[in-house]
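First to last, the sequence lines map onto chains A and B.
Here the first sequence is numbered in the working numbering, starting from 298 and rising by one per residue.
Here the second sequence is numbered in the working numbering, starting from 298 and rising by one per residue.
What the hints contain is simulated information worked out from the structure, not anything from laboratory work.
Hints may contain errors.
A pair counts as met if it fits within one copy or between any two copies, since identical chains are not told apart.
[Said to hold, decoys possible] Below, a list of computed lysine to any residue pairs in the SDA-like style, where the Cα atoms sit at most 25 Å apart: (1) 759 <-> 427; (2) 527 <-> 614; (3) 572 <-> 596; (4) 405 <-> 417; (5) 527 <-> 511; (6) 488 <-> 476; (7) 527 <-> 749.
2 protein chains.
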Amino acid sequence: MSELNGAQSLIRTLVDAGVEVCFANPGTSEMHFVAALDTVPEMRGVLALFEGVVTGAADGYARIADKPAATLLHLGPGLGNGLANLHNARRAHTPIVNVVGDHATYHKQYDAPLESDIEAVAGSLEGWVRRSEHTKDVGADAAAAVAASQDAPGRVATLILPADASWGEGGETCAPIPPRVAQAVDATTVKDVAEVFGAGEPVALLIGGSACREEGLRAASRIAAATGAKVFVETFPARLERGAGLPAIERLGYLAEQVTYQLDGIKHVVVAGAKAPVSFFAYPGKPSDLVPDGAQVHTLAAVGQDITRALTEVADLVAADTEPVLAQASRPALPSGPLTPQNWVDVIGALLPENAIIADEANTSGLLLPTATAGAPRHDILTLTGGAIGYGMPVATGAAVAAPDRPVLNLQSDGSALYTISALWTQARENLNVTTVLLNNRAYAILRMELQRVGAASGGPKANELLDLSRPDMDFVKIAEGMGVPATRATTAEELAEQLQRAFAEPGPHLIDAVVPPLL
Amino acid sequence: MSELNGAQSLIRTLVDAGVEVCFANPGTSEMHFVAALDTVPEMRGVLALFEGVVTGAADGYARIADKPAATLLHLGPGLGNGLANLHNARRAHTPIVNVVGDHATYHKQYDAPLESDIEAVAGSLEGWVRRSEHTKDVGADAAAAVAASQDAPGRVATLILPADASWGEGGETCAPIPPRVAQAVDATTVKDVAEVFGAGEPVALLIGGSACREEGLRAASRIAAATGAKVFVETFPARLERGAGLPAIERLGYLAEQVTYQLDGIKHVVVAGAKAPVSFFAYPGKPSDLVPDGAQVHTLAAVGQDITRALTEVADLVAADTEPVLAQASRPALPSGPLTPQNWVDVIGALLPENAIIADEANTSGLLLPTATAGAPRHDILTLTGGAIGYGMPVATGAAVAAPDRPVLNLQSDGSALYTISALWTQARENLNVTTVLLNNRAYAILRMELQRVGAASGGPKANELLDLSRPDMDFVKIAEGMGVPATRATTAEELAEQLQRAFAEPGPHLIDAVVPPLL
Numbered sequence: 298m299s300e301l302n303g304a305q306s307l308i309r310t311l312v313d314a315g316v317e318v319c320f321a322n323p324g325t326s327e328m329h330f331v332a333a334l335d336t337v338p339e340m341r342g343v344l345a346l347f348e349g350v351v352t353g354a355a356d357g358y359a360r361i362a363d364k365p366a367a368t369l370l371h372l373g374p375g376l377g378n379g380l381a382n383l384h385n386a387r388r389a390h391t392p393i394v395n396v397v398g399d400h401a402t403y404h405k406q407y408d409a410p411l412e413s414d415i416e417a418v419a420g421s422l423e424g425w426v427r428r429s430e431h432t433k434d435v436g437a438d439a440a441a442a443v444a445a446s447q448d449a450p451g452r453v454a455t456l457i458l459p460a461d462a463s464w465g466e467g468g469e470t471c472a473p474i475p476p477r478v479a480q481a482v483d484a485t486t487v488k489d490v491a492e493v494f495g496a497g498e499p500v501a502l503l504i505g506g507s508a509c510r511e512e513g514l515r516a517a518s519r520i521a522a523a524t525g526a527k528v529f530v531e532t533f534p535a536r537l538e539r540g541a542g543l544p545a546i547e548r549l550g551y552l553a554e555q556v557t558y559q560l561d562g563i564k565h566v567v568v569a570g571a572k573a574p575v576s577f578f579a580y581p582g583k584p585s586d587l588v589p590d591g592a593q594v595h596t597l598a599a600v601g602q603d604i605t606r607a608l609t610e611v612a613d614l615v616a617a618d619t620e621p622v623l624a625q626a627s628r629p630a631l632p633s634g635p636l637t638p639q640n641w642v643d644v645i646g647a648l649l650p651e652n653a654i655i656a657d658e659a660n661t662s663g664l665l666l667p668t669a670t671a672g673a674p675r676h677d678i679l680t681l682t683g684g685a686i687g688y689g690m691p692v693a694t695g696a697a698v699a700a701p702d703r704p705v706l707n708l709q710s711d712g713s714a715l716y717t718i719s720a721l722w723t724q725a726r727e728n729l730n731v732t733t734v735l736l737n738n739r740a741y742a743i744l745r746m747e748l749q750r751v752g753a754a755s756g757g758p759k760a761n762e763l764l765d766l767s768r769p770d771m772d773f774v775k776i777a778e779g780m781g782v783p784a785t786r787a788t789t790a791e792e793l794a795e796q797l798q799r800a801f802a803e804p805g806p807h808l809i810d811a812v813v814p815p816l817l
Numbered sequence: 298m299s300e301l302n303g304a305q306s307l308i309r310t311l312v313d314a315g316v317e318v319c320f321a322n323p324g325t326s327e328m329h330f331v332a333a334l335d336t337v338p339e340m341r342g343v344l345a346l347f348e349g350v351v352t353g354a355a356d357g358y359a360r361i362a363d364k365p366a367a368t369l370l371h372l373g374p375g376l377g378n379g380l381a382n383l384h385n386a387r388r389a390h391t392p393i394v395n396v397v398g399d400h401a402t403y404h405k406q407y408d409a410p411l412e413s414d415i416e417a418v419a420g421s422l423e424g425w426v427r428r429s430e431h432t433k434d435v436g437a438d439a440a441a442a443v444a445a446s447q448d449a450p451g452r453v454a455t456l457i458l459p460a461d462a463s464w465g466e467g468g469e470t471c472a473p474i475p476p477r478v479a480q481a482v483d484a485t486t487v488k489d490v491a492e493v494f495g496a497g498e499p500v501a502l503l504i505g506g507s508a509c510r511e512e513g514l515r516a517a518s519r520i521a522a523a524t525g526a527k528v529f530v531e532t533f534p535a536r537l538e539r540g541a542g543l544p545a546i547e548r549l550g551y552l553a554e555q556v557t558y559q560l561d562g563i564k565h566v567v568v569a570g571a572k573a574p575v576s577f578f579a580y581p582g583k584p585s586d587l588v589p590d591g592a593q594v595h596t597l598a599a600v601g602q603d604i605t606r607a608l609t610e611v612a613d614l615v616a617a618d619t620e621p622v623l624a625q626a627s628r629p630a631l632p633s634g635p636l637t638p639q640n641w642v643d644v645i646g647a648l649l650p651e652n653a654i655i656a657d658e659a660n661t662s663g664l665l666l667p668t669a670t671a672g673a674p675r676h677d678i679l680t681l682t683g684g685a686i687g688y689g690m691p692v693a694t695g696a697a698v699a700a701p702d703r704p705v706l707n708l709q710s711d712g713s714a715l716y717t718i719s720a721l722w723t724q725a726r727e728n729l730n731v732t733t734v735l736l737n738n739r740a741y742a743i744l745r746m747e748l749q750r751v752g753a754a755s756g757g758p759k760a761n762e763l764l765d766l767s768r769p770d771m772d773f774v775k776i777a778e779g780m781g782v783p784a785t786r787a788t789t790a791e792e793l794a795e796q797l798q799r800a801f802a803e804p805g806p807h808l809i810d811a812v813v814p815p816l817l
């Protein structure tokens with residue numbers, strides 16, 4: 298029998314498989330896991346004060362590190378608190394290994410207060426779920442969880458760990474299990490799709506998933522340049538590489554009206570690692586399916602296939618001698634005067650540091666951001682893949698853990714900030730280089746817009762009250778300082794620029810409460 | 298065809314069934330519900346910035362109002378964010394009517410970003426779940442939901458409302474449906490249990506649920522006084538009436554060691570609306586079942602039965618001429634000097650106002666509270682029924698909405714506060730009379746204790762790091778002020794007393810950041 302307990306075998310196996318960070322919000326049933334951290338020096342434990350921060354940080358970490366972090370969650374309610382950001386991770390195809398502590402196997406029969414149906418909640422994520430009932434199996438189950446999380450294209454794996462499996466003696470480590478890699482697209486499909494581009498009819502190419510990195514973007518740009526096809530990135534990519542020296546490919550719009558404009562006249566939609574365009578929500582009397590009438594959809598690659606390779610093969614057929622169109626280095630001039638939805642993005646474009654990571658939850662405030670940053674130095678942008686708000690601060694936190702040498706910029710709307718605000722405390726604790734620009738428009742501005750768009754009788758006082766965040770105004774400077782993050786307030790473009798430069802120059806987290814009126 | 302849309306028929310039906318408050322965190326799919334609020338003046342909408350505040354407030358509201366509130370939640374992620382406090386509500390047998398908006402029925406096939414398995418998550422609550430697919434059925438489904446939530450002993454009912462069912466025309470209201478009332482315990486059981494008390498062996502009576510109100514407490518006290526039985530209240534009652542003029546019945550301890558002491562020598566455990574004692578968590582080598590060896594368990598009443606009536610019938614058999622033992626009015630003297638885990642509770646006991654509601658999430662800091670408040674003016678105490686922390690601030694919020702004329706005191710540990718801290722903003726917005734005493738010991742103190750109790754190798758630096766909240770220290774004065782709640786800091790008993798008196802005297806919410814060292 299080994300000298301490891303279950304928790305020790307688990308953490309050792311995770312580390313051997315390359316999982317080196319565990320974002321944690323533990324409780325009593327996880328205490329042996331917590332104690333075991335001191336026996337495996339390679340595993341870093343990062344504490345968060347709420348599980349939505351834990352799971353969002355794991356999402357942000359993996360989007361940047363290209364490998365999973367672990368989470369440590371306390372029974373069903375802990376998993377529930379983390380569920381919204383796991384939903385976003387599911388949509389991002391992010392590999393995450395959840396370790397959810399549970400009551401000891403023999404204790405479950407007593408239906409103690411924290412007993413609940415963990416499998417049902419974990420199962421809603423449509424990932425991988427296993428309960429590790431016996432100490433000797435914990436290592437093997439952990440290795441299986443890591444592999445499952447990394448099976449192309451990536452997903453959420455949840456390992457339920459009963460307390461007695463964790464504390465029991467006789468734990469056995471397990472060697473890493475190779476995950477299922479992305480399969481190549483067959484040659485016939487490549488050839489057929491290449492012919493669509495060559496047929497002389499208007500084509501839109503919609504790319505997503507792993508094709509949103511440099512190689513995929515270059516292939517897509519070559520295809521567009523050679524064939525005249527329009528090319529778009531999916532509306533909410535998990536990670537999009539952008540900036541000077543990379544192809545600047547427009548994202549498909551969030552609003553159906555935008556998409557209709559973008560796809561006007563298109564006869565063929567080729568999707569590569571993305572879904573055919575659908576409306577984010579349904580609206581009375583408007584179509585959900587945004588593929589233009591009469592247009593045909595062709596799938597080049599599913600999200601779990603080798604999208605970039607397939608795109609490159611198509612490009613080699615239709616654009617053999619064509620170079621991609623790359624964005625030139627170009628920054629907007631620094632604006633002046635009171636902050637507006639139009640000018641704040643120019644401050645970002647003017648000052649974005651080299652190699653930055655943007656965690657974007659600016660929502661309506663950020664509609665003009667892409668233009669302002671297209672020629673900025675090369676950067677990654679992470680977006681809200683699943684629509685569950687409260688993602689920005691945690692994802693920025695995890696990204697900063699994954700890339701301590703890169704500046705992380707969290708563009709964060711006020712309405713979404715309060716879901717996971719304690720991420721600021723973890724940023725302070727870990728001294729992470731995260732600069733949060735808090736876009737404080739004192740409203741659920743997107744819902745004001747949506748109230749009109751769904752055709753609901755607009756503007757009753759009670760309805761408007763539920764979309765208003767100005768009574769009382771939140772003071773994000775005080776909230777941030779209360780959590781240990783230095784903070785300032787900007788009401789003019791000059792102030793934002795000055796404060797942003799200072800924040801980027803100083804190590805550790807900063808928050809700028811940017812008072813920007815609503816766009817609409 | 299009626300002139301109502303689905304949302305209007307829903308809200309009208311809820312109001313007709315007595316549901317007059319909706320705690321809401323809406324999104325696009327709920328916009329017709331939001332718009333419909335202006336057509337039904339009797340329904341009050343209360344906005345929260347996070348769904349855990351919504352569901353916890355609904356729990357607190359119903360514990361005080363004795364009838365359900367509605368919640369308004371945004372698809373699966375919104376329900377997920379609310380799940381932990383719904384878990385607590387499930388354990389409290391609190392009636393709650395969740396309205397979870399979903400995509401339009403015809404939109405679900407497109408698997409848009411926010412699509413997820415709402416039924417799976419709602420089903421984990423083991424309550425009532427229904428999807429209302431057709432506008433004309435929404436009213437009837439709403440009436441069924443209200444009834445289901447109130448079926449004895451009370452539970453969480455979740456109505457999933459597709460956007461097109463909400464916005465469709467032809468909604469029909471539905472008259473209230475009578476819920477299933479608590480059934481009487483049969484006479485044989487009452488007689489058999491009465492004989493247990495009369496048999497001359499040591500008996501412990503454990504009461505819970507609805508028996509924790511005055512009438513049940515009086516019956517239990519009479520039985521104890523007449524027969525010499527020990528009597529206990531379940532460890533975490535949903536609502537316990539206490540104070541001068543009521544029987545002061547000790548609660549069963551949280552720690553197994555306490556329970557073993559409390560039940561020492563007992564041969565019969567009679568349960569009435571409570572479960573037989575079990576350990577909250579399992580611990581290596583320690584029993585989960587806390588019924589003393591050889592003792593027999595007798596069930597007088599299940600939680601869904603008429604517990605109080607059954608207790609009164611037993612009392613009439615075994616204690617016909619015995620009066621209950623009532624707590625005398627008695628307050629501790631106001632202490633002085635630096636705050637300690639021992640003296641802060643005396644400040645509460647000395648100053649608790651008449652008819653207060655205490656939302657207690659003091660955790661380890663509150664171990665000495667019951668003694669200090671036993672002779673205070675009559676009050677209700679609400680406790681953490683399901684063990685999912687982050688309950689105190691939302692429950693206090695909901696209780697204050699239910700009882701605007703009663704002072705609400707939230708005793709709140711720091712570690713638990715950050716889960717649902719934005720409840721403070723809702724308290725400010727609604728000008729609720731909630732006084733929060735934030736017990737700031739800068740640690741997950743309960744986990745420090747549990748790390749020892751589970752026998753985990755204690756005290757490695759990484760393990761201790763994950764239980765420490767002092768790096769950085771949180772400044773709850775700033776956090777509260779940032780959310781619009783006036784706040785002060787107390788480090789001495791004198792300061793706490795002075796600030797508490799001021800907070801109780803002024804209308805609206807207040808927070809006192811009470812710096813109290815850990816008990817252990």
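Results of checking the hints against the structure:
1. 759 <-> 427: neither (46 Å within a copy, 27 Å between copies)
2. 527 <-> 614: Within one copy, since 17 Å is at most 25 Å while 86 Å is not.
3. 572 <-> 596: Within one copy only: 9 Å inside, 57 Å across.
4. 405 <-> 417: both (16 Å within a copy, 20 Å between copies)
5. 527 <-> 511: within (18 Å within a copy, 73 Å between copies)
6. 488 <-> 476: neither (29 Å within a copy, 65 Å between copies)
7. 527 <-> 749: neither (31 Å within a copy, 63 Å between copies)
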